[in-house]
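Given the coordinates of chain A, work out where chain B should sit on it, guided by the hints.
Protein chains: 2
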Amino acid sequence: MGMGKPSSYAELEDRFSRIALVRESSAILSWDWATMMPVGAAKARAAQLAELEKISHERLVDPKMKDLLARAEQEPDVQSDMWLASNLAQMRQQWMNANALSSKFVESLATTTSACELAWRSARESANFSEIIPQFSAVVDLVRQKALSLSESFGASPYDCLLHQYEQNLTERDVDSLFSDLLEFLPSVLCNALDEHGRSSSFKGRFPIGAQELLNRKIMEIIGFPFESGRLDTSHHPFSGGGPEDLRITTRYDDQDFTSSFMAVLHETGHALYEYGLPERWRGQPVGEALGMVIHESQSLLIEMQVCRSKEFVELITPHIREAFGGRLLDLDEDQLRAVLCKVEPGCIRVEADEVTYPFHIILRYRLERLLIDGELKVEDLPSAWREGMRELLDIEPADDAAGCLQDIHWYGGDFGYFPTYTLGALAAAQLFSAAVVKNTDILPSIRVGNFKPLLQWLDVNVHSLGCSLSAFSLIERATDAPLSTKSFEKHLRARYC
Amino acid sequence: MGMGKPSSYAELEDRFSRIALVRESSAILSWDWATMMPVGAAKARAAQLAELEKISHERLVDPKMKDLLARAEQEPDVQSDMWLASNLAQMRQQWMNANALSSKFVESLATTTSACELAWRSARESANFSEIIPQFSAVVDLVRQKALSLSESFGASPYDCLLHQYEQNLTERDVDSLFSDLLEFLPSVLCNALDEHGRSSSFKGRFPIGAQELLNRKIMEIIGFPFESGRLDTSHHPFSGGGPEDLRITTRYDDQDFTSSFMAVLHETGHALYEYGLPERWRGQPVGEALGMVIHESQSLLIEMQVCRSKEFVELITPHIREAFGGRLLDLDEDQLRAVLCKVEPGCIRVEADEVTYPFHIILRYRLERLLIDGELKVEDLPSAWREGMRELLDIEPADDAAGCLQDIHWYGGDFGYFPTYTLGALAAAQLFSAAVVKNTDILPSIRVGNFKPLLQWLDVNVHSLGCSLSAFSLIERATDAPLSTKSFEKHLRARYC
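Those sequence lines, one after another, are chains A and B.
For the record, in the first sequence the residue sitting at position 167 is 169 according to this note's numbering, with numbers rising by one throughout.
For the record, in the second sequence the residue sitting at position 430 is 432 according to this note's numbering, with numbers rising by one throughout.
The shape of chain A in the complex, shown without the other chains (with noise of 0.2 Å):
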């Protein structure tokens, strides 16, 4: 870089890395609302979220970045670096996000998802959606004027824009062809699974959240969880926030069903370790940021689904499981568990179904935001065509809307295009853990004796590190020789339930 004038670049980084030290804020402020914050500082931590928000935008649509960015193109060492160019076109990328929204609206969007992420909470306890019409209407207006304000900017459709928010380059196109892909195998799939682990047992009984919440301590400390970067704490919704040096995820406790919060607590983990496992030298670059919500899902589905249901994992945790409940448990033996943690039942709640049932949720939700978001679908008549839905696609209907439409936080938060994230997330998940253990055979025997190094080793080297330096599908292209495909995980599914 010379030992003049710092070049742009350097300036670059110097901006964006103060930007992340913001962000990083945010996102433990966040974490506090949700685990932490007396309800009735919601208003003020509203307006303290905004605030940062405000901040990072500001920074980033400042009048001198358009220069910066053009003339560190120009630099002829950041060329010729991978990372530096990547890193480079990451940061267009962020300005170009920028600019196609003003501050006051950004402010504005930030304002009212608290509101209406607050008004959720209550509605999803009185299982009562009219309660949040308005607030949910607010935010829908809102994320339609983002989405028409970024498809003008970048020349994509709106739905796209939103979600190139959590993948770049995903297309509808792209999601419409790998659904349809699934529902070519997903429905005969169910059907077998039904048939042949449709009578397994289940645990019923009483499982002290204490006793559940150790169990879920040593399991994480087994995996690699790095408890001196990170907590495990309790919310509504079970989430992965912080950043890489402070990881903070949350499960939350069925005193009935111990299975729930540790499989939370499994996926959240696997989100964990991706952001610990993010490259160190890019700390506070947009490089050194996690890839899309894709890579991010495949993470925590890798562990949660791959790994932790294989008959490996289940051999390995049966005996904490009986040393953790004693009582009637004391019995149990490997097969009743992997039974019962691969028992197939279609079922309300999308954070409670097994794998095979999950993408028809997702299924469900990605048709009604794009109605949403093309304004087919109104506010108000969200509870029934969730129903509807619901009956089409897996044949039964929630009791009520806790148990609908307002069981996620998603959308009140502002999140659309998030959703089919988390399919292909399942699809990449399968597609990556089975070309890890053809290519390293010590994988699914070390997981067997509590040994996670030789998996943690192939996901560093070939995800962890690689930051956002490449695509996702460049990523699962260059880790399995094959593009992204339903493959793996139809193979997959019927290795386990066929």
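Some hints could be false.
When chains are identical, the list treats them as one kind, so a pair holds in a single copy or across two.
Here are the computed lysine to aspartate or glutamate pairs in the EDC-like style, where the Cα-Cα straight-line distance is at most 16 Å [as the list claims (entries may be wrong)]: (1) Lys380 <-> Glu174; (2) Lys45 <-> Glu282; (3) Lys106 <-> Asp16; (4) Lys56 <-> Asp16; (5) Lys489 <-> Asp176; (6) Lys106 <-> Glu55.
Everything labelled a hint here was simulated from the structure, so no lab data went into it.
In this text, all values refer to a predicted model and were calculated from it rather than measured experimentally.
Only chain B this time, still in chain A's reference frame:
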């Protein structure tokens, strides 16, 4: 203000409310640091806090501020309204403070103190002062530089400038004079108290932390802590953080002695009630903030020392303590409890000191910090100077540095000039409470039956709701019809201990 272009004053209000949001964010991140944060996140958190501090500072020193302040000071509507005028005066004060120091300096101070605070945690654990000499020397150097810069800008002595950070208008001369008045009667009160109360029994035994916490929460509720806008948690050093809508108080537990966590909770509740009572109309504005630390500390000590060791309060809580711990405390009577709570005994730990010996701890710190700031005491000589001072003032010697100069976080976090406000707060608490119970004779009888409303109402009118619309000294004089002195405190101690 007219209908056209918004006034300069209005623009200032907007700017200061945005600064307040950033500071509120910092307050929660600092609370999280002390209560929740995994240790591996410390470096990242220090950078986040430094960045937020930098943002506030940059906004205060924005070149446009100078003109805005000058123009607002000419606006007739502002000068004719006491609150607007006070708000504007506070804005100018903050602006002058900020301009006395460069952004770069402020950032470096924040990073250095964060690093030193972290090192302090481990040094204190291993009772090894020499571990943190490098970090602490760096902090002292920066604080001395800061004092000199402030001194140049404000024309006050460097140490007075440090005092002003915590209490505007307070001077070394005030402190010297009040501390010299104290030393006139305090040694003889101490002698008497040791004769009278020295043989009081103390509680020995096991007090489960869960039971202590339940008791603490119950008493907080009786006093009027608004749990819908606040929390109680655990930290190394008890503190009151967060903000008016999001009160975050902490305590620490000793399972051999419930009075330690209990009294810390009462103290922090006093701070929190002050914040909670600040004028809502002025939220986010300088005039709506708490006055300096003398008044803040007066509010915690008024609850902890004046109210909660009174005969009336002890009668109120004795049954709750019996119920909380049972066992050998089932026979506890009011006199026994009061004897323990009012026990006087010279000890090494400031936060555990009784109200008679507490001022000696402060006088020691006041003397030592003046020497450190004047450069007359070297950092490496602090432990021996500390031991010597303790011998002179209280005739005891700490067993190690953890019980000596490592016990308090203040200096290691860069807070010099803070300690004197504790004892000035104790004087103010005595003076305010003695005025309150004279002016409203209902206060003490109501406390006896668990009704804190009359007390809180008096405090609201005379202290809380005033924000910093007038100076600490004026507030005290207005509420008590006399300037701040040691008289009420002396009278109070003689009544209770002689």
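Hint-by-hint comparison with the structure:
In the homo-oligomer, the alpha carbons of Lys380 and Glu174 never lie at most 16 Å apart, since the shortest distance is 21 Å inside one protomer and 69 Å across protomers. When the C-alpha separation of Lys45 and Glu282 is checked against a cutoff of 16 Å, the pair qualifies only between copies, where the shortest distance is 13 Å, while the shortest distance within a copy is 35 Å. In this assembly of identical chains, Lys106 and Asp16 lie within 16 Å of each other by CA distance solely across copies; the values are 14 Å between and 25 Å within a copy. In this homomeric assembly, Lys56 and Asp16 come within 16 Å of each other (Cα to Cα) only across copies, at 14 Å, whereas the closest approach inside a single copy is 19 Å.
Taking CA atoms no more than 16 Å apart as the test, Lys489 paired with Asp176 passes inside one copy only; the shortest distance there is 15 Å, against 80 Å between copies. In this assembly of identical chains, the alpha carbons of Lys106 and Glu55 lie at most 16 Å apart only when taken from the same copy (11 Å versus 24 Å across copies).
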